[in-house]
Amino acid sequence: MGMAQEEAAMNKRWSLISIFILLFTPSALADDAYQTRREAMVRTQIAERGIRDKATLQAMRAVPRHLFVPPHLAGSAYEDQPLPIGYGQTISQPYIVAFMTELIRPKATQKVLEIGSGSGYQAAVLAEIVKQVYTIEIVPELGNASRERLQKQGYRNVQVRVADGYDGWPEQAPFDAIVVTAAADYIPPPLITQLKDGGRMVIPVGAPFLVQTLMLVEKDKGKVKTTSLLPVRFVPFRRSP
Amino acid sequence: MQILAITQWHHFAYMIISLALLGFGAAGTGLALFRTALTNRYDQVFPVLMFLCGAAMAAGTGISQHSAIRFDSYLLFTGAFHPGRLMLTYGIFFIPFCLAALAIGLTFTKYSRRIGVLYFWNLVGSGAGGLLALGLMWVFPPREIPAILALIPVFSGFLAIPRKPGAMMLLTATLSLICVTATILRPPALVPSEYKGLSRAMQLPEAQTTLEKNSPYGFMLVFSSPALRYAPGLSLTYTDAVPARKAVFNNGDWVGSLPARQQQDAPSVMDFSTAALPYTLEQRHTALVLNMSTGMHVVQAISQGVERVTAVEPNPVLLSLLAEELAGDVGRLLKHPALTVINSDSRTWLLTDPLLYDLIVLPTIDTFGGTAGLNAIQEHYLFTKEAFGNVWRRLTPRGVLSLTCWMDYPPRHALKMLATLADMLAERGIENPRNHIAAVRSWGAITFMVKKTPFHPEEISNIRAFCRRLNFDPALLPNIQAAERAFFNALQDDLFFNHLDQLLSPERTSLYATYDFNIRPATDDRPYFAQFLRWKSLPNIAEHFGNRTVPFFEIGYLVVFLTLLQAALAAVLLIIVPLFHKPGQRRVKAQIFFYFSGIGIGYIFVEMAMIQRFVLYFGNPLHAAAAVISMMLMASGMGSYASARIKALWTKPSAILAGIILLLLLESVFLTPLLLKTIGMPPVSKILMALLILFPAAFLMGIPFPAGIRMLTEESESDIPWAWGINGCFSVISTALATIIAVEAGFTAVMLCAALAYGLTLAAGRLYRQGSMKVEYET
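As given, the protein sequences belong to chains P and Z, one line each in that order. Okay, so the first sequence: first residue is 1 according to my numbering, each after it adds one. Okay, so the second sequence: first residue is 1 according to my numbering, each after it adds one.
Chain P on its own, in the form it takes in the complex (with noise of 0.2 Å):
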């Protein structure tokens, strides 16, 4: 080869190269831009709040939040807020849903319930730590796009339905954990009777946006008991006399 056919080829390497760069740094850069927002989430307003199961720590930091709300919001999605996902639903605040998931103490043997898919973010968060996550959502949009979702992010152990959850899943029972996200002011028995003994329930309540108070049931011996947590401990303010 010449010396002119070799600049030649040189120049179409270095070509190529370049159009490789232009195209796929940006979008590492971005991907890269997520990765440090989560991990300061995660470090800030997860772990610094008192959040201490690393299966937990490890699964928040590993779920990008972002692909879980509209696009034009993906500039919010690690924010210390909930965000609307349309139909009247919210995905949680990141504390909240490390906190629900802490409080359903994961383990890597166990079968989840989750009622309210919403985007499918907690069912992701669920799915990095424990066995098998089974998921219901009443709203068909809501819940086809958090199945498509899910299976573009590789997560195989998530089974999505298209369903009214007071049923539950009775197939699939009786569950080591239940979260339910889309409270109602009612518990529907029949989610009492698929809680494994034993098994933890969280639902969280609140208005739209507003701080929610995480309600925990215990089934230990046929026996139910709730327990009320406030995320955020409320002390009133104490004036001086």
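Please keep in mind that the hints were generated in silico from the structure rather than gathered at the bench. Please note that a few of the clues may not be correct.
Pair ranges (Cβ atoms, derived) [to be verified]: (1) P:Asn144 with Z:Glu212: 23 to 33 Å; (2) P:Gly50 with Z:Leu676: 29 to 39 Å; (3) Z:Leu175 with P:Asp32: 29 to 39 Å; (4) P:Asn144 with Z:Pro243: 20 to 30 Å; (5) P:Lys54 with Z:Leu211: 35 to 45 Å; (6) P:Arg52 with Z:Val572: 52 to 62 Å.
Example chain P residues on the side facing chain Z (calculated, C-beta under 8 Å, incomplete) [unchecked claim]: (7) Ile85; (8) Val139; (9) Met215; (10) Gly222; (11) Val224; (12) Thr226.
In this text the structure is predicted, and so the values were computed from the model without any measurement. Glycine included, C-beta positions come from ideal geometry on N, C-alpha and C.
Mind docking chain Z on chain P? Use the hints.
The following block gives chain Z in isolation, referenced to the frame of chain P:
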């Protein structure tokens, strides 16, 4: 207002309409700047304004509902686009008001020497328009009403067309006809916020609306879905199915679930809630259910064997649905032989009912999960200290009062409820309220039971057995043990119980001062039970929960403040700023400003305070509003008309204003006792009494505005439109301001402020006339 209440919430409706009414202020400024050009072309300009107003009225609703413009109240604090969309919505509703105000103000300016007659017809028209809108609500669905009302300005425009209409006039006439016709033939769809109860219910499978009924009481929908169930605070020991039932929504908000008719001794889901508590003590023979809604508590009472149940419901449309279209769905409940149904405001009924009851059930306040403070500026006359006293008087010696509220975090409703009960008992000389109050808590709700005589050991034992059976916990009992308060349903700490105990002690007022939310008992003068915001505590709340969460704690009240700030800012831009560009002495301008702003503030303050006072009197907020507004406007219109005919009335404005101030001061002291004394009279007598009370002050209140305009006609005619704009602007600001004063200081304070406002008008008027006389003397 109704359309915005359906698509958003009534606070936002109020906010948007308040801002839109600033169109009056903008009109005044526009007239002040272009007065000569506009009045010289009055014959051409007036019809054009009317046509454009009609077009804007007809098209406005549809435009505001467009997907690119429609905003969502909940997303104002989180969504990037929604504040901008809110601004656009302001603009859309601002336009018709501005155009109408321009036409009216232009007429006042052009024919200022006939202001008395003109103002009379202006007020009469306002009153009649309100009544017309109410009437239309009975016949047409909300989305069709704006186009129908738009026919009025269009018709006015056609009446005013001169012999030689210009091209602009023909164009705007055509445009208005097209807009009105198109909107009548294809009324716009109303799209509610996705966070309203109805929107979320519409996501359920096979969701459908089975019935719609519009009225001034709201746009009522009956809704069904096989997934729609209601079992408030259901015990975790309940194992049967929770049946799906139809539900009723009003203006997109949940009203209640339709109960199935219960057989006696057949348990229902309500028997597995804390609301079943009062039936554990003994058999109840008579019960009074207040604000019965769709009848869940009524069915419970009947199934528990109560022989005579009296149920009171203020909404006649709801009662009509339950009695007719929905009779089959509720097992012909309203025809049950044990049941007597009364259509009245519950509080008014309590004041007039002579019977005594074994059990009185108050409605559950707030909703599961809370409403983020949306009810903060809603008057709750059934949850005041005086109301609880009225209930106490209607109990038999062994009778009990039962009230339930959802547990919220941080606790607010339950604490305020108990504080109100404790205050009521203290006023009745009950030294140890602990012996008269029991409370039982589930995982989500708490029911208080107040007994006229102290609980005896067997009753206490029954309450404990009730709790054990249903996995509830006693929160208050005469001899309660700490360990039993959170056996089945634990809380994060004991703070809630400590607060309950403190509220039953003589030290409860110190908790009112230190708690970060307002839990001071509501009173009839300040009947805002759901208002928990304490401004001093906002920094602490923000620190705990984050700045972005704070608006959702008390969004209703914050919206009122936002409205006031926006209105004040707009008023400054529309009125004060142009002041500096107008020729004339600033001192004189200030006098005109204070004269007309005082009238704007005073009139609205009186109107709002009177409406609230008469809500209890008439037992119906709609009747109260209609009566007060129409009577006041008619009386003021007559005053304005009389002032044109009787020289003494407009040549002695100081005497008139002094008379107004005196009457308002007298009414602030004597009105409430007078109304309570006569509340038992027949309806016709009550209407006459209302007329007797409202007419004198309202008649006089119709005089200062035309008197002021006459004053300006003689001294400074160019200031008339500006004065008109000031009056309009302050009418708008006053709506929000009156609400804030009522919440913070009570309705008596609102009346006193009204008297003060008229005092301001009196002083400004005297200074203005003295200045005029001085100039005349010097000349």
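We went through each hint and held it up to the structure:
Judged by the Cβ atoms, the range 23 to 33 Å given for Asn144 (chain P) and Glu212 (chain Z) holds: they are separated by roughly 30 Å. One distance hint, 29 to 39 Å for the beta-carbon pair Gly50 (chain P) and Leu676 (chain Z), is violated here, with the actual separation near 55 Å. Between Leu175 (chain Z) and Asp32 (chain P), the C-beta spacing of about 56 Å breaks the proposed range 29 to 39 Å. Checked against the given bound of 20 to 30 Å, the beta carbons of Asn144 (chain P) and Pro243 (chain Z), roughly 29 Å apart, stay inside it.
Under the hint 35 to 45 Å, the C-beta atoms of Lys54 (chain P) and Leu211 (chain Z), about 55 Å apart, miss the expected range. For Arg52 (chain P) and Val572 (chain Z), the Cβ-Cβ distance of about 54 Å falls inside the hinted range of 52 to 62 Å, so the restraint holds. Look at Ile85 (chain P): its Cβ only gets to about 10 Å from chain Z, farther than 8 Å, so that hint breaks. The interface hint given for Val139 (chain P) is met, as the beta carbon of that residue sits about 5 Å from the closest beta carbon of chain Z, less than 8 Å.
Contact between Met215 (chain P) and chain Z, as hinted, is supported at the beta carbon level, the nearest pair being about 6 Å apart and thus within 8 Å. Given the 8 Å rule on beta carbons, the hint for Gly222 (chain P) is violated: about 11 Å separates it from the nearest Cβ of chain Z. Interface hint status for Val224 (chain P): upheld, as the beta-carbon distance to the closest one in chain Z is roughly 5 Å, under 8 Å. At a threshold of 8 Å, the smallest CB-CB gap from Thr226 (chain P) to chain Z is about 4 Å, leaving the interface hint in force.
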